[in-house]
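S.K.: Here are the chains, one letter per residue:
Number of protein chains: 4
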Amino acid sequence: MTHRIAILGASGYTGAELVRLIATHPSMQIVALSADRKAGMAMAEVFPFLRHLELPRLQKIDEIDFSGVDLCFCALPHATTQEVVAKLPRGLKIVDLSADFRLRDPADYEKWYGQPHAAQELQKEAVYGLTEFYRDEITAARLVAGTGCNAATGQFALRPLIAAGCIDLDDILIDLKAGVSGAGRSLKENLLHAELSGGTHAYSAGGKHRHLGEFDQEFSKIAGRPVQVQFTPHLLPMNRGILATVYVRGDAKIVHQTLEKAYESEPFLKVLPFGLLPSTRDIAGSNFCHLGVIGDRRPGLAVVVAVLDNLTKGSSGQAIQNANLMLGLPESEGLMLAPVFP
Amino acid sequence: MTHRIAILGASGYTGAELVRLIATHPSMQIVALSADRKAGMAMAEVFPFLRHLELPRLQKIDEIDFSGVDLCFCALPHATTQEVVAKLPRGLKIVDLSADFRLRDPADYEKWYGQPHAAQELQKEAVYGLTEFYRDEITAARLVAGTGCNAATGQFALRPLIAAGCIDLDDILIDLKAGVSGAGRSLKENLLHAELSGGTHAYSAGGKHRHLGEFDQEFSKIAGRPVQVQFTPHLLPMNRGILATVYVRGDAKIVHQTLEKAYESEPFLKVLPFGLLPSTRDIAGSNFCHLGVIGDRRPGLAVVVAVLDNLTKGSSGQAIQNANLMLGLPESEGLMLAPVFP
Amino acid sequence: MTHRIAILGASGYTGAELVRLIATHPSMQIVALSADRKAGMAMAEVFPFLRHLELPRLQKIDEIDFSGVDLCFCALPHATTQEVVAKLPRGLKIVDLSADFRLRDPADYEKWYGQPHAAQELQKEAVYGLTEFYRDEITAARLVAGTGCNAATGQFALRPLIAAGCIDLDDILIDLKAGVSGAGRSLKENLLHAELSGGTHAYSAGGKHRHLGEFDQEFSKIAGRPVQVQFTPHLLPMNRGILATVYVRGDAKIVHQTLEKAYESEPFLKVLPFGLLPSTRDIAGSNFCHLGVIGDRRPGLAVVVAVLDNLTKGSSGQAIQNANLMLGLPESEGLMLAPVFP
Amino acid sequence: MTHRIAILGASGYTGAELVRLIATHPSMQIVALSADRKAGMAMAEVFPFLRHLELPRLQKIDEIDFSGVDLCFCALPHATTQEVVAKLPRGLKIVDLSADFRLRDPADYEKWYGQPHAAQELQKEAVYGLTEFYRDEITAARLVAGTGCNAATGQFALRPLIAAGCIDLDDILIDLKAGVSGAGRSLKENLLHAELSGGTHAYSAGGKHRHLGEFDQEFSKIAGRPVQVQFTPHLLPMNRGILATVYVRGDAKIVHQTLEKAYESEPFLKVLPFGLLPSTRDIAGSNFCHLGVIGDRRPGLAVVVAVLDNLTKGSSGQAIQNANLMLGLPESEGLMLAPVFP
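Protein chains in written order, with numbering that gives the first Met the number 0: chain F, 0 to 341; chain S, 0 to 341; chain D, 0 to 341; chain P, 0 to 341.
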């Protein structure tokens, strides 16, 4: 059975990635695409790489007939999203890729995003979309909130360790290296090829990055007490991929065993043999996350490195994984595409 | 029905690309992988991006039991190939990705490759693997010779024009821009990131590039008289993709119509609206070839730009397309993966 | 003696490149920098790579006291420039880096730039700034018009050949590969790292690129009759550098000798031994232009490849070379910086 | 007065960088260049970017007449170096860029480099070449040992803090991002453009990187007791540049003030205003090191980010800075070249 899919915000990178993945998904068919400023255009004009597909023209959101839609992916900017989602039909299944429904507590939302939440009922209803840890809730959900791409990477490295109690909760440090597509299709000088290629810098450092809201919420919930990690993201001259180098205090072998055990049945989370560390090149374009663990010359220190593709496992692939559950499909359907290397 | 596949030379880029594509091919299963110097290793050690797949270990060629193999992809270096293929079981279907069986005339082979051909019977038997133009022969063939990646790109731009007689055969110029994976996994200073990134240069210029042998053979055959093109390839700081800027004398509109008509039913060859030119970014990781045509301020000049991914449509994707025909499968099976952008 | 220099439009790439080069120029001192929208800011805020220099703050143009200025570089956008230059003190020496004064004929200007020229007197006065070919005029000039970066590259390859009459004037083709800094610091989607890196495409193809106006003007002047070249520029994922592959009909050896002879005393133009072709990597960050010549398997065809750094020899380095002449300084003063490799 | 310079190992990146810098150094002249396997070749054949310079041909070391040499830069591989230097004339001033003389203790050398030191007398004599901290010793030295490029970056961030006692010595973490030229011109698969571009990975993690030997030696010496830092280097798809993100426990404002004070008179070390963090793009091709400090949302944590160009300030620029001192020249002579951006 083919499920009818709408994508709101199809002119951004995560929207385009959804189309790419659904193109070879055996049980999904795209019936509507929205992009307000580009309404009327063909998708091939906005993204020529999708030229081979037969796709509906871009529409404004209020032109879409949602009665023929089974599930709607919402890939709109933060803040806009809560207004749009509030107006969608109540029965429609929604997977949101923005930040608007990730935080449970309205006060947290306001703290990290600088304005009150305009749809607190929906915020309450939404399920946090980190598939591997919220499977049952997602399966039963109407509205799922996709996680931040950095937030997903850090959580894959840390959640089992916090749950197992095998690391010091007061000394967790995430030094993250992120590809540029995570910044979206935004026109900023520092995202120009001339300025970004061939170099690197830290950004939103010093405890200011918004994904800290997700880390705080999730890690504290698992630990049963407040946990605050230190987090420094860096922008790298690569288009896809996140590498999180996570520094913890704990026995490296036990850290490795804990991750291996936690993920032994996971189709997308691959723990490397102890001492091997992963590369972002090995997951680009795919829904896989590779994790590696190494110790230090000083006992009691462990480093976990996790890599994933921010556009796939970090957002659009995760979104389809969640949609699969919500639609009663096999969780990995359409998502077993191999990474592209070189 | 699942066809059992062997890949010889699996530790190179085209071998790995075959594995990537077969990973989601519904009717093929890999039963043997060879890599002489890396025999005994797991594929995930050689190419960690394939870690999620269950694959046979790498073997030496003579360790492979070909009785259980339906079709063999041969992704070995030039010259080595003819010796290996000569020893394979006579009944085995073979798609070769090397240059060894592309040229029909042993004298041509010796001229371009600098040594006599050691398996001239096989050379005679082999069918040239440019799928769209040799469908019937490939379907009936036992041994198919994959084309050069540059040679494929230039031919997609030019074959219909030469066949239609709408361009001057004595004034054809191909200025080609090639990504670095076309050079294979070879350890050369000029392929190092430090030396290749951020710049460009021409190579094998001045009528010396070996793919000229294929151009000469094919274009002369179509024209029914000798045709020699001018050809300058350039190496670019990109991993995948070829862009051929092809300069011809002829009416640009007629050139465009001729290509549009020739390719109107082709699943992988997409002719853009007149005046639009394609980008390599829009076909990366896919089996598609985009073509565009534009005129000049001076009438009678036309420029055709063709782009494809050298590892996919230019070699491993083409090889699978050919294998599909040889195995009686739908030609595009397993090959409709969308390009990866950005 | 130190000459006092003003730079108008210091917040763009060519402005910054002027500052970079003047930083180690022994006879120039920057006394004023303008950037309208960034007036009041320190240069180190706009371009942190210049942090080590003591520089005047950015001002609005009308805040600058030109009485203390010996020479003014004008690195403003096209069209704006003619208005600004018209208002500058009449006695001020000016090197303009925009397109506004490159074309001698107002009709040509209007044809290529789509609007009438607003300062035709200045247009008449301006000297075309291709130093090696206009030395005397530049030395005596008050207003020099820097050339287009692509136009400079093509001219270095072709001017001596046209002057010597050793090539067919009706069959000249320039296939050009350009780095992205040539597009300036403009916020366009296709200049984002995510969209530009890893791929290539042609732009302004089909006889539409504005630098054709310069080619037409200069080549026709040398030839003494109209000459129109074919010209296809391509955008490459590299920040600095232009490579022009120039196809001509003529004897390759004579072509090589003609270039060697023409440039034998030039400090910045280096002709490689016959058969060797240059790479953009070998001139990045410098004022040098390397040229190579090769023949073809078919006699009577020659390929000239010229490379230069669009920001240096193609604009700001050229501008300083011209300023040196105008100020009575040695032509190469401050410009002998070696390229940066890798 | 011009000092006569020899460079041993001129066919590697640090050798070429020395030539680049000396090309515009007013008081140095290159009189001999060695490269064993490339002896007899012109430098322009090995490094065409140096084509504009008049340079001696490459020789074998034992062909060089050192009587005409004032100072010798030694840019040879580790281990080879100690043998070569032991045979050089006793009176010759030497700046070594290898790892062979960095560690004072022969036992440390053997521990980190896996073999006994073959020239322990020279090891004793050598002065550690971190200019800003060993000025007097370097000025008086005959043999100076250039530091590791990563080791330099980390020390610029940390030495004043350890000396001032304002951070916890038992909890120092250096997460480092390094460009690929630091690996030299070595032919390894993972340094190929096809494998390195577009991705990142950690290497020599887990307390195994050899530059830890330098950190241990220097930090312990300053602190007067053993100090062992945690250190994870990552390889990035950029050619030049190192960014060290250094995590310390201490008051961020005091950390900033301590660095500002320590470096207020340094020509090459630039401390940014509090809260601003530097980019590798802003020092590429130059001898500058930029440092930034930021706090965290949790008090008592500080992050120091230091950037420098591994080939310049991290090796060849540092070497010339040291040579300037040894030759009685102004320390920054020839080294004030501005970074190249973009």
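One should not assume that every hint holds.
Pairs involving identical chains hold if they fit within one copy or between any two copies, as the list cannot separate such chains.
[To be verified] Cut-off 30 Å, straight-line C-alpha distance, at most; resulting in silico cross-link-like pairs (DSBU-like, lysine-lysine): (1) Lys260 with Lys59; (2) Lys110 with Lys252; (3) Lys86 with Lys123; (4) Lys252 with Lys92; (5) Lys123 with Lys269; (6) Lys260 with Lys207; (7) Lys187 with Lys207; (8) Lys59 with Lys269; (9) Lys37 with Lys187; (10) Lys59 with Lys187; (11) Lys59 with Lys220; (12) Lys123 with Lys187; (13) Lys269 with Lys110; (14) Lys207 with Lys220; (15) Lys92 with Lys207; (16) Lys37 with Lys207; (17) Lys269 with Lys187.
Derived from the structure by calculation, the hints contain no laboratory data.
S.K.: Quick one: Lys59 to Lys187, C-alpha cut-off 30 Å, is that within a copy, between copies, both, or neither?
M.R.: Both: 25 Å inside a copy, 23 Å across copies.
S.K.: Given identical chains, is Lys123 near Lys269, meaning Cα to Cα at most 30 Å, within a copy, between copies, both, or neither?
M.R.: For Lys123 and Lys269, neither the intra-copy (32 Å) nor the inter-copy (47 Å) Cα distance is at most 30 Å.
S.K.: Using 30 Å as the alpha-carbon threshold, which applies to Lys110 and Lys252: within, between, both, or neither?
M.R.: between (38 Å within a copy, 25 Å between copies)
S.K.: Since the copies are identical, ignore which copy is meant and state whether Lys37 and Lys207 lie within 30 Å (CA to CA) inside a copy, between copies, both or neither.
M.R.: Classified as between; 27 Å across copies, 33 Å inside a copy.
S.K.: How would you classify Lys59 and Lys220 at a CA-CA limit of 30 Å: within, between, both, or neither?
M.R.: neither (39 Å within a copy, 53 Å between copies)
S.K.: First find the shortest C-alpha distance between Lys187 and Lys207 inside one copy, then the shortest across copies, and answer within, between, both or neither for a cut-off of 30 Å.
M.R.: both (20 Å within a copy, 28 Å between copies)
S.K.: Checking Lys260 and Lys59: alpha-carbon separation at most 30 Å within a copy, between copies, both or neither?
M.R.: Neither way: Lys260 and Lys59 sit 47 Å apart in one copy and 35 Å across, limit 30 Å.
S.K.: Quick one: Lys59 to Lys269, C-alpha cut-off 30 Å, is that within a copy, between copies, both, or neither?
M.R.: between (40 Å within a copy, 28 Å between copies)
S.K.: Under a CA distance limit of 30 Å, which applies to Lys92 and Lys207: within one copy, between copies, both, or neither?
M.R.: Intra 33 Å, inter 50 Å, cutoff 30 Å: neither.
S.K.: Is it within, between, both, or neither for Lys207 and Lys220, if the alpha carbons may be no more than 30 Å apart?
M.R.: Result: close within a single copy only, 21 Å intra versus 36 Å inter.
S.K.: Using 30 Å as the alpha-carbon threshold, which applies to Lys252 and Lys92: within, between, both, or neither?
M.R.: neither (42 Å within a copy, 48 Å between copies)
S.K.: When Cα atoms must be at most 30 Å apart, do Lys37 and Lys187 count as within-copy, between-copy, both, or neither?
M.R.: both (20 Å within a copy, 16 Å between copies)
When each numbered hint is compared with the structure, violations occur for hints 1, 4, 5, 11, 12, 13 and 15.
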